[in-house]
Amino acid sequence: MAEKPAANPRQPERGKEYVRIQNVTKRFGDFTAVNNVSLTIYQGEIFCLLGGSGCGKTTLLRMLAGFENPTSGQIFIDGEDMEDCPPYDRPVNMMFQSYALFPHMSVEKNVAFGLEQDGLPKAEISQRVGEILELVKMGQFARRQPHQLSGGQRQRVALARSLVKRPKLLLLDEPLGALDRKLREQTQFELLGIQERLGVTFVVVTHDQEEAMTLASRIGVMNRGEIVQVGTPTEIYEYPTTRFVADFIGSVNMFEGRLTEDEPDYVRIESADLGGRIYVDHGISAAPDSTVWAAIRPEKIEISRERPQGSDNTVGGTVKEIAYLGDMSVYLVRLQSGRIVRVSQPNAERRNQARITWDDSVWLSWDPSSPVILTQ
Amino acid sequence: MSRRRGLFQPLSLVLGFAFLYLPILSMMFFSFNNSRLVTVWDAANSPTLKWYVKLFENDQLLDAAFLSVKVGVMTATGAVILGTLAGLVLARFGPFRGRAILSGLTTAPLVMPEVITGLSMLLLFVAVEQAFGWPAGRGQMTITLAHITFTMAYVTVIVQSRLAGFDDSLEEAAMDLGARPVTVFIRVTMPLIAPAILAGWLLAFTLSWDDVVISQFTSGPGASTLPVYIFSKVRRGVSPDVNALATMLVLTVAIVVFVGAWIMRRQERKRDREIQLAIAENK
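If you're matching them up, the sequences are chains R and D in order. So the first sequence is numbered by the numbering used here: it starts at 561 and just counts up by one. So the second sequence is numbered by the numbering used here: it starts at 351 and just counts up by one.
Hints are not guaranteed to be accurate.
Unchecked claim - Taking lysine-lysine pairs in the DSSO-like style, the calculated list, with each CA pair at most 30 angstroms apart, reads:
1. R:Lys682 with R:Lys728
2. R:Lys742 with R:Lys860
3. R:Lys669 with D:Lys400
4. R:Lys697 with D:Lys620
5. R:Lys682 with R:Lys669
6. R:Lys669 with R:Lys728
Unchecked claim - A few chain R residues facing chain D, derived, Cβ under 7 angstroms:
7. Phe656
8. His664
9. Gly674
10. Pro706
11. His707
12. Gln708
13. Leu709
Simulated from the structure, these hints should not be mistaken for laboratory data. Ideal Cβ placement from N, Cα and C applies to all residues, glycine included.
Use the sequences and the hints to build the structure in full.
Shown next as structure tokens:
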């Protein structure tokens, strides 16, 4: 990483291709865990595999580490075919979800284990172990046994152990899963700092979208063994390509409708679900009169007592539920059609005179650029 | 604890202990009896240690005890090696052709009547001797082989259950860090299943130590283990030196068990304290 990064230090396209997964399928008996996945991961990026449990993300990671072999397809790491390469010969290290610290070895012995396998001289081993433990701020705990450490400290030791061999590619399986919320947030940023300093390529598996959003330069969303969308966190959130992705990442209001006007620079959708029309200020690729879905994020909907101008992108309803979360409030509004719409508004002012309350009649409206129109 | 408990609980405790330990205590008591007749207490000249002294003058008995120790050690070691391998295969290799059969076969000796095991062993040894001229006659070697056969099952079960609760990712982590399978086994798997291996060794030793039936079938003239010796002696009439011998055995076992339990308890406490400390530090 010679050149100084600009705004985003984890720009994906900058690095050269490091991992190529080509049409990889993994079956366990009749069950297809990973189905024809192709993926390219670039050097120096943090790639997150995001999905619910059983979506195949962990299986994919384990195939990168060499613990499972693909039923079909190929995996290339740094240009080399990994087919007959056992885990102990791969230029890859993994941080396990359970941390998998050896309970019968002290912290420094745990970290030194990998270097000992390479037959390095003792002096170099102890020097490198010392350095990496300092990096994760665990130097003073070197002689402790794993059971004498807290969850966060174990996580650091596991990280140190997987980094000490200076792998080009580090695999992390739910790295922050076992930590409590405060510690998680702090560790997330530390992880980013370490990644930047060492220039390691990270592949992170997680079911936690917040974790994926903060860590990742790119996210691959998985569902039922397939990659459904790959993109930067912004792309995944703002431009989901399927209903699954829109629904899985964050919360969303999904309205089914019929495409009534299909022009190159705008479209109109008639939605019985919404009880109104949706106007979108850009063209989409869908057959006229076909069924489409409009996805609108809760924070992109305005809520007010007065009726806004225009008849498109506006709908009336009654407030059914309010959740005050401090930084923002979430309103559940029931439309005439019976649909419940989720709206969130930041609590920018301390005292809000026009505070909307239960059973108020309100109007919801949104910008013509806000809805994402999905065809599948 | 001011609640009244009534008589039932203490009474059942006393009766339970009496049921378990009265026979042993009475045996110990009579081992200090001066009389030649086992059940008649010679109040005038008791207690005495003469049976204990006699014990150590009995070469036959000492030989039998020494043979028992040798057989026990070899049995336990052999059973631990084979049983650990079998346990590893059963716990690790997932489903494979013949898994159910292997599992059934390794654990069958647990429920096999000893008489059958002993008899079939005897027949096998005789047949093999006729065919190959080995093992020549029956003695230490045949007893050990027979004991390994039936104690291996216990070791397998213990090791297998230890491995069932074993975090597989530990072995994967070792492999991921560059360790080849043999290194993984020696540096990670073995140390972690060591308690199970040790327990298996002790159990196999104990089983071998007090086995009569199978030893009876597979021992030859001039090579009888301690239980076989005691059994044959008792059949000719109980003599008080057997009481003395049994008392010493019971005491030895009791001391070993108590010391073992005490050490384990101490380690557990230390560990608990350290965990508490680690938690407290992070508050």
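Against the structure, the hints come out as follows:
1. R:Lys682 with R:Lys728: holds (23 angstroms)
2. R:Lys742 with R:Lys860: holds (28 angstroms)
3. R:Lys669 with D:Lys400: violated (57 angstroms)
4. R:Lys697 with D:Lys620: holds (26 angstroms)
5. R:Lys682 with R:Lys669: Given that 30 angstroms is the threshold and the Cα spacing comes to 12 angstroms, the pair holds.
6. R:Lys669 with R:Lys728: Holds, at roughly 22 angstroms.
7. Phe656: holds (5 angstroms)
8. His664: Cβ of R:His664 sits 5 angstroms from chain D, so the hint holds.
9. Gly674: Holds. Min distance 3 angstroms.
10. Pro706: violated (10 angstroms)
11. His707: holds (6 angstroms)
12. Gln708: holds (5 angstroms)
13. Leu709: holds (6 angstroms)
The structure fails hints 3, 10 (numbered hints given earlier, in ascending order).
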